[in-house]
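Chains as they are written, first to last, in my numbering: chain A, 1 to 401; chain B, 1 to 401.
Keep in mind the hints are simulated off the structure, nothing from the lab.
A virtual CB, placed ideally from N, CA and C, is assigned to each residue, including glycine.
You may find that some hints are simply not true.
[Said to hold, decoys possible] In the SDA-like style, the derived pairs of lysine to any residue whose C-alpha atoms are separated by at most 20 Å in a straight line are: (1) Lys33/B <-> Ala401/A; (2) Lys53/A <-> Pro381/B; (3) Lys36/B <-> Asp31/A; (4) Lys52/A <-> Asn175/B; (5) Lys52/A <-> Ser370/B; (6) Lys294/B <-> Ala401/A; (7) Lys343/B <-> Lys52/A; (8) Lys343/B <-> Pro30/A; (9) Lys53/A <-> Ser374/B; (10) Lys36/B <-> Asn363/A; (11) Lys398/A <-> Ser374/B; (12) Lys9/A <-> Thr34/B; (13) Lys9/A <-> Lys294/B; (14) Lys157/B <-> Ala401/A; (15) Lys398/A <-> Lys33/B; (16) Lys398/A <-> Lys36/B; (17) Lys52/A <-> Thr34/B; (18) Lys8/A <-> Lys343/B; (19) Lys33/B <-> Gln357/A.
[Unchecked claim] Listing some non-contacts, in silico: residues in chain B with all C-beta distances to chain A over 10 Å: (20) Ser14; (21) Thr37; (22) Arg89; (23) Glu158; (24) Ala185; (25) Ile195; (26) His218; (27) Gly227; (28) Val278; (29) Lys294; (30) Ser346; (31) Asn363; (32) Arg379; (33) Ala401.
Protein chains: 2
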Amino acid sequence: MFPLEEIKKISQASPSKIVMLVIDGLGGLPDTKTGKTELETAHTPYLDELAKKGICGLIDPVSPGITPGSGPGHLALFGYDPLRFTIGRGVLEALGIGFELKKNDVAARGNFCTVDKKGLITDRRAGRITTDKCIELCTLLARIKLPEVDSFVLPVKEHRFAFVLRGSKLHAELNDTDPQKTGAAPYPAKHAKQIAKHTADIVNNFIKQASGILARHHPANMILLRGFSKLPDIPSMSDIYKLTPAAIAGYPMYKGLAKLVGMEILSAEGGIQEEIRVLTDCYNKHDFFYVHVKHADSAGEDGDFDRKVKVIEQVDSALPKLLNLKPDVIIITGDHSTPTTLKGHSWHPVPLLLYSQYCRADNAQAFSESACLSGGLGRIPATDIMPLAMANALKLTKFGA
Amino acid sequence: MFPLEEIKKISQASPSKIVMLVIDGLGGLPDTKTGKTELETAHTPYLDELAKKGICGLIDPVSPGITPGSGPGHLALFGYDPLRFTIGRGVLEALGIGFELKKNDVAARGNFCTVDKKGLITDRRAGRITTDKCIELCTLLARIKLPEVDSFVLPVKEHRFAFVLRGSKLHAELNDTDPQKTGAAPYPAKHAKQIAKHTADIVNNFIKQASGILARHHPANMILLRGFSKLPDIPSMSDIYKLTPAAIAGYPMYKGLAKLVGMEILSAEGGIQEEIRVLTDCYNKHDFFYVHVKHADSAGEDGDFDRKVKVIEQVDSALPKLLNLKPDVIIITGDHSTPTTLKGHSWHPVPLLLYSQYCRADNAQAFSESACLSGGLGRIPATDIMPLAMANALKLTKFGA
């Protein structure tokens with residue numbers, strides 16, 4: 001990919017506007033009966049019309065064959081090499097519940113688990129306790145006092161919680177305490193670098209107190225922590241692209257990812273129609289909008305083909321209002337594929353549609369996996385999208401004389 | 001891209017011949033009425049016939065979305081990573097007027113500018129003085145004496161000149177003296193590395209003397225210097241490819257770029273017909289020919305669609321004489337796109353045609369942006385062209401056993 005350091009040198013602010021519409025988990029696989037994917041099954045007259053006027057292609061979010069998590073998938077869309085900028089599991093867990101991580105916080109993903117009398121793990125997920133039970137236990141653990149630092153224990157879902165330490169001199173170079181198998185005792189936190197020894201001591205202090213508190217809450221009588229991490233040091237989109245970017249999203253994780261790269265967060269919890277309303281209201285205040293549509297991915301993960309088709313059709317119906325704003329550049333794509341047949345994220349490349357006055361339209365007659373395959377953009381890494389969007393918005397000067 | 005160091009190991013000299021015809025600014029955008037680009041509008045029976053026999057594709061000179069200057073655009077065509085081998089603005093300015101830079105020369109791009117009585121810049125371009133006035137002032141500045149070094153002040157156009165220092169112990173790690181805004185005083189030259197302090201002192205001595213000489217030449221009463229640079233350290237094409245390469249070009253910039261990579265320069269100032277005549281005359285003396293057609297780019301920069309069409313048709317008419325020579329490999333492409341609608345270089349990928357006996361012909365029936373889109377070469381970085389040309393000329397042995 002073209003280096004961010006170089007993009008920064010040639011990017012320039014201008015009044016032109018870019019809208020990037022991310023349909024989470026957009027790409028799919030054909031239904032065995034019809035031979036058509038979710039996107040190909042959906043009735044999408046407006047998307048197809050835009051595909052005719054625009055230029056299409058397929059993106060690899062990370063690399064061919066690699067299934068991205070939401071973090072790498074989105075970072076790539078925003079132009080950041082997902083192999084260079086990595087987001088720790090702990091940080092992602094905290095972002096996912098909307099916790100406002102500060103620069104020096106250390107976050108980890110936590111599991112409640114079951115240990116026997118010898119302290120050996122018998123169930124790494126404590127029989128998947130209810131989320132209500134998780135909330136109750138998190139409240140108990142939140143009372144733990146640690147010298148010099150604050151700790152946060154935040155319920156996520158079932159046996160999962162987020163653990164955050166806040167204070168000075170905290171470091172995240174710690175191993176997981178989760179041995180990833182039953183029959184073994186949890187590992188103590190141990191520092192991978194000397195500088196993190198102090199943090200390891202604090203974590204072990206916390207685990208000891210937690211173990212005492214949880215003793216009478218079998219099966220959730222112990223905790224496992226993994227993915228200790230801090231917020232990554234990412235240059236902001238305004239620094240690199242000279243943009244004033246905004247995110248329109250409903251789910252905490254995506255707001256958190258957008259915040260990581262310096263976007264202003266505009267909440268819209270009511271689906272695509274409300275998101276477009278927010279976009280319209282704030283259209284004069286920003287020159288880049290990331291609009292996130294969650295439910296295509298959720299439907300894919302649930303294996304619900306028809307529901308995913310409907311979500312795509314809802315996006316199509318909302319498109320005219322977006323087009324009315326006449327953005328200079330429109331990008332429509334996804335952060336990864338979520339085929340309903342696989343009930344999860346997949347490695348398949350994701351359809352991409354770019355529209356601008358200067359896009360050199362191709363022969364794509366519809367927005368679909370198969371039409372995008374012969375599109376004019378070819379098959380490109382997702383990290384190429386931002387340079388292309390910037391170029392089409394005439395926000396990049398020449399590279400070299 | 002495949003590394004030059006590895007190409008060097010597998011390249012071998014052979015009698016086969018490669019002709020690379022570079023139509024500057026070849027790629028375009030559709031005319032809004034006809035929906036056809038400049039290349040698609042041009043009547044090009046010989047190019048189309050060659051496209052049928054050959055294999056087509058699209059190249060990204062630098063990276064998707066990135067608009068290349070002539071320097072990076074050409075380096076990529078010659079197989080050099082334009083991010084690894086960069087050409088300073090000062091060097092390019094000197095090359096552009098045909099100045100023979102030596103290895104340790106330090107070159108900068110100069111502007112005549114206007115300063116007020118306090119020494120603050122009121123016009124960075126001195127009201128765009130005439131080229132005649134520029135020549136007069138350069139002659140005056142050429143009289144400046146500096147201890148131990150020679151200086152050259154070479155008129156370019158209007159307020160622009162090239163400045164070159166020649167001597168021992170010169171270094172180019174200097175900031176621009178141009179603050180890039182009015183109301184500020186020019187910066188003194190300052191060394192970014194200690195080793196360049198001596199050069200900074202010399203430059204400041206020159207500027208002081210220039211300021212005295214120019215005082216009575218308002219509005220051109222001061223100079224600004226930027227892009228201090230030396231010739232980049234580039235391995236020659238004969239070293240890497242075992243070729244005896246020659247450049248057939250009319251404009252100084254392109255001769256300069258070709259010289260940078262070790263080509264012999266064969267001047268031809270009378271357009272494509274004369275270039276093909278020179279090619280024919282010298283055909284036995286070299287095994288690689290870079291032929292540069294400037295006027296497609298000039299027409300594009302002027303926004304003159306019809307003139308660009310005509311230049312392409314002139315190239316087409318000259319093609320039979322080139323084909324008569326029966327080169328083993330013919331490459332026809334551009335160093336970047338220059339759509340007339342944008343009146344400048346652009347980021348759009350550039351049509352590529354490769355013909356050889358062994359090219360595995362595709363289904364492209366014409367030489368055009370749209371036909372190249374589904375061509376057999378796909379969409380590739382421009383740096384892949386030289387390995388493909390070398391392979392088709394049977395000048396590359398196996399990589400690995």
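Now for the hints, and whether the structure bears them out:
For the proposed pair Lys33/B and Ala401/A, the alpha carbon gap of about 33 Å is over 20 Å, so the pair is violated. Distance check on the hinted pair: Lys53/A and Pro381/B sit about 26 Å apart at the alpha-carbon level, beyond 20 Å; violated. At most 20 Å may separate the alpha-carbon atoms for a hinted pair to count; Lys36/B and Asp31/A exceed this at roughly 38 Å. The straight-line distance between the Cα atoms of Lys52/A and Asn175/B is roughly 48 Å, outside the 20 Å bound, and the hint therefore fails.
Straight-line distance between C-alpha atoms of Lys52/A and Ser370/B comes to about 14 Å, which keeps the hinted pair within the 20 Å bound. The hinted pair formed by Lys294/B and Ala401/A meets the criterion: a straight-line CA distance of about 16 Å does not exceed 20 Å. For the proposed pair Lys343/B and Lys52/A, the alpha carbon gap of about 25 Å is over 20 Å, so the pair is violated. The suggested pairing of Lys343/B with Pro30/A is violated, with an alpha-carbon distance near 44 Å, which exceeds 20 Å.
A threshold of 20 Å between alpha carbons decides the hint, and for Lys53/A with Ser374/B the separation of about 18 Å falls inside it, so the pair holds. Annotation: proposed proximity of Lys36/B to Asn363/A holds, straight-line Cα distance about 13 Å (limit 20 Å). For the given pair, Lys398/A sits about 28 Å from Ser374/B by alpha-carbon distance, which is inconsistent with the 20 Å threshold. Restraint check: the Cα-Cα separation between Lys9/A and Thr34/B comes to about 37 Å, which exceeds 20 Å; the hinted pair is violated.
For the given pair, Lys9/A sits about 28 Å from Lys294/B by alpha-carbon distance, which is inconsistent with the 20 Å threshold. The hinted pair formed by Lys157/B and Ala401/A meets the criterion: a straight-line CA distance of about 16 Å does not exceed 20 Å. A C-alpha spacing of about 28 Å is found between Lys398/A and Lys33/B, which places the hinted pair above 20 Å, so the restraint is violated. A threshold of 20 Å between alpha carbons decides the hint, and for Lys398/A with Lys36/B the separation of about 25 Å lies outside it, so the pair is violated.
Of the pairs offered as hints, the one joining Lys52/A and Thr34/B holds, with about 16 Å between alpha carbons and a cut-off of 20 Å not exceeded. The straight-line distance between the Cα atoms of Lys8/A and Lys343/B is roughly 24 Å, outside the 20 Å bound, and the hint therefore fails. For the hint linking Lys33/B to Gln357/A, the alpha-carbon distance of about 14 Å falls within 20 Å, and the restraint holds. Taking the minimum C-beta to C-beta distance to chain A, about 33 Å, the non-interface status of Ser14/B holds against the 10 Å cut.
At roughly 8 Å, the least C-beta separation between Thr37/B and chain A is not larger than 10 Å, which violates its mark as non-interface. Here Arg89/B does not stay apart from chain A, with its beta-carbon only about 5 Å from theirs, under the 10 Å limit. For Glu158/B, the non-interface assignment is confirmed: its Cβ lies about 17 Å from the closest Cβ of chain A, beyond the 10 Å cut-off. Look at Ala185/B: its CB is around 24 Å from the nearest CB on chain A, clear of 10 Å, so calling it non-interface holds up.
At roughly 24 Å from the closest C-beta of chain A, the C-beta of Ile195/B stays outside 10 Å, upholding its exclusion from the interface. Interface exclusion of His218/B from chain A stands, the closest Cβ pair being 29 Å apart, more than 10 Å. With a minimum CB-CB distance of about 8 Å to chain A, Gly227/B fails to clear the 10 Å threshold, and the non-interface call is violated. Every CB of chain A is more than 10 Å from the CB of Val278/B (nearest about 27 Å), matching its label as outside the interface.
Even its closest Cβ contact with chain A, about 16 Å, leaves Lys294/B beyond 10 Å, as expected for a residue assigned away from the interface. Against chain A, the non-interface label of Ser346/B is violated: not every CB pair exceeds 10 Å, the least being about 7 Å. Every beta carbon of chain A lies more than 10 Å from that of Asn363/B, the smallest distance being close to 12 Å; the non-interface claim holds. The claim that Arg379/B is not at the interface with chain A is violated, since a C-beta of that chain comes within 10 Å of its own (minimum 4 Å).
At the 10 Å boundary, the C-beta of Ala401/B stays outside the reach of chain A, the nearest C-beta of that chain being 27 Å off.
The structure fails hints 1, 2, 3, 4, 7, 8, 11, 12, 13, 15, 16, 18, 21, 22, 27, 30 and 32 (numbered hints given earlier, in ascending order).
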